[in-house]
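Enquirer: Here is how the chains run, residue by residue.
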Amino acid sequence: MIGGTAAFRFLSQPSPRALQIYLPIAALSMNLFFLVGIGAAVGFLSGLFGVGGGFLLTPLLIFSGVPASVAVSSVTGQVAAASTSGALSYWRRGTIDLHLATYLILSSIIGVFFGVATFSALRAAGQLDLVISVAYLIVLGSIGTIMMNEAVRALLKRRAGIVVREKLPSQHTWIHGLPMRIRFKKSKLYISVLPVLAIGLVIGFLGSLLGIGGGFIVVPALVYLLRVPGNIVVGTTLLQMLAMMSATIILQSVQSQSVDIMLAFCLMVGGTIGAQFGASAGQYLRGDQLRFLLAALVLAVAIRFGVSLVLPPADAFSMAVIGAGGIV
Amino acid sequence: MRGLAIAVAFALTLGAGAAKAEDLVSTVSNPNIAITSNFDGETLSLFGNVEPDSNQVAAKGPYDVIIVITGPSVDRVARLKTNNFGLWMNTEQVEFNPFPTYFHVLSSNPLLKITDEQILEANRILPDAQARVSAVPQSLHVERFGAELIRLMSAKGLFGQNEVGVKFLSPTAYVAQLTLPGDITNGLFITQTYLFKDGKLLAKRGDSFAVNKTGFERFLFTSAQEYPLLYGLTCVLLAIGTGWLGGVIFRR
Numbered sequence: 000m001i002g003g004t005a006a007f008r009f010l011s012q013p014s015p016r017a018l019q020i021y022l023p024i025a026a027l028s029m030n031l032f033f034l035v036g037i038g039a040a041v042g043f044l045s046g047l048f049g050v051g052g053g054f055l056l057t058p059l060l061i062f063s064g065v066p067a068s069v070a071v072s073s074v075t076g077q078v079a080a081a082s083t084s085g086a087l088s089y090w091r092r093g094t095i096d097l098h099l100a101t102y103l104i105l106s107s108i109i110g111v112f113f114g115v116a117t118f119s120a121l122r123a124a125g126q127l128d129l130v131i132s133v134a135y136l137i138v139l140g141s142i143g144t145i146m147m148n149e150a151v152r153a154l155l156k157r158r159a160g161i162v163v164r165e166k167l168p169s170q171h172t173w174i175h176g177l178p179m180r181i182r183f184k185k186s187k188l189y190i191s192v193l194p195v196l197a198i199g200l201v202i203g204f205l206g207s208l209l210g211i212g213g214g215f216i217v218v219p220a221l222v223y224l225l226r227v228p229g230n231i232v233v234g235t236t237l238l239q240m241l242a243m244m245s246a247t248i249i250l251q252s253v254q255s256q257s258v259d260i261m262l263a264f265c266l267m268v269g270g271t272i273g274a275q276f277g278a279s280a281g282q283y284l285r286g287d288q289l290r291f292l293l294a295a296l297v298l299a300v301a302i303r304f305g306v307s308l309v310l311p312p313a314d315a316f317s318m319a320v321i322g323a324g325g326i327v
Numbered sequence: 000m001r002g003l004a005i006a007v008a009f010a011l012t013l014g015a016g017a018a019k020a021e022d023l024v025s026t027v028s029n030p031n032i033a034i035t036s037n038f039d040g041e042t043l044s045l046f047g048n049v050e051p052d053s054n055q056v057a058a059k060g061p062y063d064v065i066i067v068i069t070g071p072s073v074d075r076v077a078r079l080k081t082n083n084f085g086l087w088m089n090t091e092q093v094e095f096n097p098f099p100t101y102f103h104v105l106s107s108n109p110l111l112k113i114t115d116e117q118i119l120e121a122n123r124i125l126p127d128a129q130a131r132v133s134a135v136p137q138s139l140h141v142e143r144f145g146a147e148l149i150r151l152m153s154a155k156g157l158f159g160q161n162e163v164g165v166k167f168l169s170p171t172a173y174v175a176q177l178t179l180p181g182d183i184t185n186g187l188f189i190t191q192t193y194l195f196k197d198g199k200l201l202a203k204r205g206d207s208f209a210v211n212k213t214g215f216e217r218f219l220f221t222s223a224q225e226y227p228l229l230y231g232l233t234c235v236l237l238a239i240g241t242g243w244l245g246g247v248i249f250r251r
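Note that the protein sequences, when read in sequence, are chains C and V.
Last residue of the first sequence: number 327 in numbering that gives the first Met the number 0, and the count goes up by one each step with no gaps.
Last residue of the second sequence: number 251 in numbering that gives the first Met the number 0, and the count goes up by one each step with no gaps.
Worth flagging that the hints you see were computed from the coordinates, not collected in a lab.
Don't take every hint at face value.
Pulled a few chain C residues facing chain V out of the computed Cβ check, cut under 8 Å [as the list claims (entries may be wrong)]:
(1) 24
(2) 31
(3) 80
(4) 88
(5) 137
(6) 256
(7) 260
(8) 275
(9) 313
(10) 317
(11) 318
(12) 321
Rough simulated footprint, nothing fancy, chain V against chain C, three-plus residues with beta-carbon under 8 Å [stated by the list, open to error]:
(13) 240-253
(14) 261-273
(15) 299-312
The C-beta atom is built at its ideal place from N, Cα and C for all residues, glycine as well.
Next comes chain V alone, as it looks inside the complex:
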């Protein structure tokens, strides 16, 4: 009986909180990104506005926004080379599956100024959290290999963090620029936007955009995956054709 009363009271405060807090509207400038043969990166904009709560006339800041962009996941492995009898070879490895192929965090201020570590950790906002949850087996090396994997991904521009990536145009409207590198994996990218005020998480919103390899390269890639035998035969015919043509043209 007492437990039920507490639950009801908790639900009431939660409900009241939801009615009171500000909300967020957000969108992505280009929901479909096509990668063609001369693709060398694309910039897209993420923008939105803080909506006032039901009791307010206008939303009052200052607000902070964190946007987390996550690409499709694959199974990845990080390997360490060590010197054995004079030869450098891969000796240790940790698997991370699934691990995002793309992970960027954009924010309007340094993350720890916006909120505390518990909230960042709970929402998996930091890249390290991605490595921690996906590592198999959960060994002692996970921290080290995870950090190295994130470093390698960052070097390719696939992981990153920009603490001035979100700009407020007015007290409530924000915009963020995101530049995608040329070698991203196609699939669905999720953008999760978090609204903070005084260190408290007020609202969360998810959007998405799709990255698609279009054109001839995409066709070749899917053919290699889906019709490997036909793809191989085509390669052989192409080789014989080219060689034959060369032989006929030059007649040696």
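Just chain C, with the same shape it has in the complex:
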């Protein structure tokens, strides 16, 4: 993983012959093909697994030398673009619960306010990189473990010849006993609005702080906790993600001026193209195999962050510009 990072840095370094592009906010020159390339690679994986890909793209940019603050803010642009194409196709199919999406969007935007404020405060204190690494380790580590556990079980059962019915248990949990119930017609649900708002709030906070769309958290939360039907959940989450990421872009632009539009655009173009190929490749893999691969990927990123936290840094000293124009 460490050797991989070195090779990665080499690829991302300016070389005189390759086409260099100057990123005005990150204040560094990077190879255009490298940027579009990682956008496409992550877009391919996001199309394959049906996730936004922010949780891969942000770490890849950080590991290739982009300041963490710029990486987090600019990846939101890519996630917004990716969720637009996704939401659009679900909109055409009519599988978006607008009512449910509205509650999620409003609460997630409140979460975004807290996330962006925390982001700025941490950056001023010099602890942003640390918190991003620890948060990635915890979020990806726990989600990855749950996913891996579930995927391995499914794979073993299939090997043993047990027919796995992908049907959820229908019993009610304490969540369904909460007050302030609302009827969501499209999802055929009559549930409390409180867990919906809580999910939005948490994902808004985490998404804006870590540069992730959070689809891999919201989708399971809506399916397992609230019993939102499978055909509705993806489109609704994509719409919520689009609104949340748009709010994050605007707030980050105003608050920390760390959105690099040039970087974001390169990633968007690569991501949009890559996602198309990923989506068609996904049809040749089984669901449990896909989930196993995704879990392995999520765990690998978590481990990489864990290693970077524990190993002594190459240079114990670092510098940063503070105040106006201070990005690095």
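Put chain V on the given structure of chain C with help from the hints.
Expert: Okay, now just chain V, sitting in the frame of chain C:
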């Protein structure tokens, strides 16, 4: 009365000294440097000539020249990571404000052969002096953090020292080459040229050149700083536009 006499005598000797010493003319090859999108460093020349004093027919050397190039200043912080409960995190920091974004010293000989430390210190010719005067708070760690900050800046090519950077073409004419790295801050760069003979400072001259980010990148950078809301909205529209176009083209 006596004090006044001393002052007058001092002024007279000073005046006499000024009339006697050699002077310096100097200039910069390119007073305006434009950074475009494919900017990967630019070389410029600093050159000048020693003018003889009023009593001399021709200036007599050997002379030494030190050129100090200072870029615009920003507030900077140096941080130290330490291991706490197994995790490496930033725990100590020293602020330096204002601290130059660029500082290079070019000279015709090793600095301590040209003159003594007092004169170098008084004119803030050495990089350490930059860290010493700008550090807040003036704590015990200033020396160490200042040295580390200068090391980090030097690694990026933003700080540096070249003791053979100034070349004499004739006994009185000199030229120096300066290569600016790609990631310098735009603004006014001051070049201060010092003329020495036998360890004594004979003359000082200041010139300047401007570094400007031009073109599209500069436009994006200023927009992000000055119209952040509009910049953010543009990013959102760009994202939605790209995503929509992708969805329309590929129709999945």
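Enquirer: Does each hint fit the structure? Answer for all of them.
Expert: Structure-based check of each hint:
no.	hint	in the structure
1	24	6 Å, holds
2	31	11 Å, violated
3	80	4 Å, holds
4	88	6 Å, holds
5	137	13 Å, violated
6	256	5 Å, holds
7	260	5 Å, holds
8	275	4 Å, holds
9	313	10 Å, violated
10	317	5 Å, holds
11	318	5 Å, holds
12	321	5 Å, holds
13	240-253	holds (count 9)
14	261-273	holds (count 7)
15	299-312	holds (count 5)
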